[in-house]
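So you can see what is in the structure, the chains are spelled out below.
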Amino acid sequence: MMKKTKIFAALGGLALAGFSIFLIAADHIDSPSVANTTVDIADLYAFQGNNENNTVFVATLQGPLNPGGVTENASFDEDVLIEFNIDNTGDFVEDLVIQAVKRADTMYFFGPAVVDAADTGASSSIYSDQLAGQVQISGVGDTFTATNNGMSFFAGPRRDYFYFDFNRFNDVISGSVAPEGFLPPSQASDFFEALNVLSIVVEVPNSMLGSAPEHVGGAVGITGLPNAYNVWVSAKRKQ
Amino acid sequence: MKRFNIKFAILALCTSFLFVQCADDDDNGNVIEQISCTDGIQNGDEEGVDCGGTACEPCVGNIDFSGTYTQVDIMGRPGVNTVFSGSNDVKNDFNNSLVTERAAFQPIFEATLELYHDVYATSLGIPTEDLDYETNILNLDAPTFTTVLAQFDALQVAPNAPTTYFDGTNVLTGRNLGDDVIDISLTLMFGGTTGTRFDGNNGTPQLTSDGIGVGDRDLTLGFPYMEPALTN
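Chain order of the listed sequences is A and B. Numbering of the first sequence is given in my numbering, commencing with residue 290 and proceeding in unit increments. Numbering of the second sequence is given in my numbering, commencing with residue 1314 and proceeding in unit increments.
Calculated directly from the structure, the hints in this document are not laboratory data. A hint or two may mislead.
[What the hints assert, rightly or not] Cβ-Cβ distance ranges computed for the label pairs, FRET-style:
| no. | chain 1 | residue 1 | chain 2 | residue 2 | range |
| --- | --- | --- | --- | --- | --- |
| 1 | B | D1454 | A | D431 | 23 to 31 Å |
| 2 | A | E361 | B | P1371 | 49 to 57 Å |
| 3 | B | T1544 | A | I511 | 39 to 47 Å |
| 4 | A | G499 | B | D1454 | 32 to 40 Å |
| 5 | A | N339 | B | A1424 | 40 to 48 Å |
[Stated by the list, open to error] Here are some chain A residues pointing at chain B (derived, C-beta under 7 Å):
| no. | residue |
| --- | --- |
| 6 | S322 |
| 7 | F336 |
| 8 | N339 |
| 9 | T344 |
| 10 | R448 |
| 11 | F453 |
| 12 | F471 |
| 13 | I511 |
| 14 | R526 |
This one's a predicted model, so the numbers in the text were calculated from it and none came from an experiment. Glycine residues also receive a C-beta, built at the ideal position from the N, C-alpha and C atoms.
Using the sequences and the hints, build the whole thing.
Here is the structure:
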């Protein structure tokens, strides 16, 4: 087999063409059935809180939203249940869920609820007897947070933290900017820099999440990684 | 006489304070107006503590949370579905699938990964078999890399370690708001064993970084950690 980097060095460049599908965003607008709807997940973040004994879960939705009227008019949907799924046994089946659903001007949070094996999967009911807390949904000009039992809650519009030179990307995939590819930092432009998303944020004491399983990286030879939960977010629509 | 006047003045002053206090105590309407939905007690026409009645949110027990909710979108790691599914039908299937039902996506993802490389070969007029994905910096070959993407599609979140998607040393312990997931993903796809295979140097295109960082987004905030929505 030929050495590819040498081929590129010899030819001095190349063209990218023929792609209509690549990165659009982290998950923003990711498929026709959910694009531009109230169930469209934009991003998932999960990180250690300022209190390092806590984990913060962030789901962003309905992005990207232009500032102004588009953001002001964006709203959560009462028929959409957002679930943070936590696998703490390493089988990629959710053992715990934290649910968020809107009623009137309030976001209600439930869990972390233990999911019985029979209740895992694509369909869910709300664990209405396991209310974790609730928070008034914030607007563009105000921020409401709430705490209860060590957990913290937020729901409302925020700046989009996803960053990407989306326009340059389109040029890259069209082949129009070969051989350079992406631009150097001084010339690149962040498509999402001035855009917003709807955000749901919940911070949870790790003591509520159980012990973390061995990191899945070990299964593919990436050794020495700390134990880690497997976490994903799902958007579910009321039937 | 002067002394009497001083006493009278003091008495008058004290009396006026009394009247002020009485006036406040007598104002029952004012007390009722201070009932709030955040005072921690059930008062007014509330049906529970700070809930129900005419002013407050409904009591949780009276809100309808019934029904069945069915998955229509799902996300673990950033970019997986949008980058690797390759067609609208596959994307929809992915969003409707469970994490444990992804074996069928692995060959699709691997084909997409190779297709990205084939485009370069075609545009250069060289055989597509001469330009393939190269084992990446995590030492994952194409089948293994796409298996991780397809079948282990979740954020690995370490509760007892600092968070990073990948910082050059630590890897896959969560995703911070500021993590450069695009550059990490591009590097894993196009960076090869060294991470620098197509990094814009030595006549190669720049495919391992889009040149964008977190910019002026504030990463120092307390809960909820994200800046307020921009207004213009």
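Okay, the hints, checked on the actual structure:
As the Cβ distance of D1454 of chain B to D431 of chain A is approximately 51 Å, the hint placing it in 23 to 31 Å is violated. The hinted range of 49 to 57 Å is not satisfied by E361 of chain A and P1371 of chain B, whose Cβ atoms lie roughly 25 Å apart. At about 43 Å, the CB distance of T1544 of chain B to I511 of chain A agrees with the hint of 39 to 47 Å. The beta-carbon spacing between G499 of chain A and D1454 of chain B, approximately 33 Å, falls within the hinted interval of 32 to 40 Å.
Between N339 of chain A and A1424 of chain B the CB atoms are about 43 Å apart, so this pair conforms to the stated range of 40 to 48 Å. The beta carbon of S322 of chain A comes within 5 Å of a beta carbon in chain B, closer than 7 Å, and the hint placing it at the interface holds. About 4 Å separates the beta-carbon of F336 of chain A from the nearest beta-carbon of chain B, less than 7 Å, and the hint is met. Because the closest C-beta pair between N339 of chain A and chain B is about 6 Å apart, less than 7 Å, the hint holds.
Below 7 Å, beta-carbon pairs count as interface contacts, and T344 of chain A has one with chain B at about 6 Å; its hint therefore holds. Nearest Cβ of chain B to the Cβ of R448 of chain A: about 4 Å, under the 7 Å cut. The hint holds. The interface hint given for F453 of chain A holds, since its Cβ lies 5 Å from the closest Cβ of chain B, which is under the 7 Å cut-off. Satisfaction of the interface hint for F471 of chain A is found here, the shortest Cβ-Cβ separation to chain B being roughly 5 Å, below the 7 Å cut-off.
Using the Cβ-Cβ criterion of 7 Å, the hint placing I511 of chain A at the interface with chain B is satisfied: the shortest such distance is roughly 6 Å. Checking R526 of chain A against chain B by beta carbon gives a least distance of about 5 Å; that is within 7 Å, so the hint holds.
Taken one by one, the earlier hints fail for this structure at numbers 1 and 2, listed in ascending order.
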